[in-house]
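Student: Sequence:
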Amino acid sequence: MTRARHNWIRAALPFVAALLLAPAASAQIFRVTSAGNATLTGDSGGGVTVQSASNAALATVVNFGDVGPANPSNFVCFTQPLALRSDVAISLRLAVTAEAFAAPAGALKKSDIGLGLINLRTGGGLATIANITMTPAFTADPCAAPKNADGIPTYSATLATLPTAAPGTAVLQSTGAISFLPGLNLGANRVLVDLRMAIAPQFYNAGNFSATVTVTITNP
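Read left to right, the sequence shown gives residues 51 to 270 (my numbering).
Note that these hints are calculated values from the structure, not bench results. Hints may be right or wrong, so weigh each one.
[To be verified] Here are the simulated distance ranges between beta carbons:
hint : residue 1 : residue 2 : range
1    : Ala-155   : Leu-236   : 43 to 53 Å
2    : Ala-153   : Gly-201   : 20 to 30 Å
3    : Pro-232   : Ala-153   : 19 to 29 Å
4    : Gly-175   : Asp-200   : 16 to 26 Å
5    : Gly-175   : Pro-154   : 21 to 31 Å
6    : Ile-202   : Gly-97    : 20 to 30 Å
7    : Thr-99    : Gly-175   : 30 to 40 Å
8    : Ala-153   : Thr-262   : 14 to 24 Å
9    : Lys-159   : Ala-103   : 47 to 57 Å
10   : Lys-159   : Phe-230   : 38 to 48 Å
11   : Pro-154   : Leu-231   : 18 to 28 Å
From a predicted model like this one, the values you see are computed outputs, not experimental measurements. Glycine included, C-beta positions come from ideal geometry on N, C-alpha and C.
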């Protein structure tokens, strides 16, 4: 199949954090926030247009810029650090709750956007990752995905993997508390993980796209 050359596809991907509290559990705390500035690398004319400050609710917006063949990068790679706090078991879930993709065959689709969570770590000495497990399909770095001879990557997970309604697919779970230390903005009581997305520049049929990824924390 011959694809029309398109050198300038732009996309905005906003991130919205939803916090679901367990019924009659006012003493329990579980929260997901930004862990700092998002980054975009390998882009041509793109950038992070709205940032979520550290410990603030997620409202990040990224424009991937040109993902056509005029962009020589191996991947356009977006990273949003997340901070998790809880004194109970939790599940971190992802969903694509809004989307607009071009209809023509050969246009960029959700399956062309790789997705993964990497670099699980503690933010301080009073948090633990010992009781955390991650869903295997989401643990690969999409910005290091293997490519075939045509330069087409194989991702372990993509936006197409996610459901279209929150709370969505569980990508990380804990069987107990991350930390019993109280405080909504402390560094020592949080676990950090990087939410990463990737697009490999290629010949895509013309058309802009947008999607909203909703990040939800639940018990469990």
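Student: Hint by hint, note whether the structure agrees.
Tutor: Comparing the hints with the structure gives:
Take Ala-155 and Leu-236: their Cβ atoms lie about 51 Å apart, and the range 43 to 53 Å holds. About 24 Å separates the C-beta atoms of Ala-153 and Gly-201, a value consistent with the hinted range of 20 to 30 Å. At roughly 50 Å, the beta carbons of Pro-232 and Ala-153 sit outside the given window of 19 to 29 Å. Between Gly-175 and Asp-200 the C-beta distance comes to about 48 Å, which lies outside the given range of 16 to 26 Å.
Taken as a hint, the range 21 to 31 Å is violated for the pair Gly-175 and Pro-154, whose Cβ atoms sit roughly 53 Å apart. Take Ile-202 and Gly-97: their Cβ atoms lie about 26 Å apart, and the range 20 to 30 Å holds. At roughly 35 Å, the beta-carbon separation of Thr-99 and Gly-175 lies within the given 30 to 40 Å, and the hint holds. About 19 Å separates the C-beta atoms of Ala-153 and Thr-262, a value consistent with the hinted range of 14 to 24 Å.
For Lys-159 and Ala-103, the Cβ-Cβ distance of about 32 Å falls outside the hinted range of 47 to 57 Å, so the restraint is violated. For Lys-159 and Phe-230, the hinted distance range of 38 to 48 Å is satisfied, since their beta carbons lie about 44 Å from each other. For Pro-154 and Leu-231, the hinted distance range of 18 to 28 Å is not satisfied, since their beta carbons lie about 53 Å from each other.
Taken one by one, the earlier hints fail for this structure at numbers 3, 4, 5, 9, 11, listed in ascending order.
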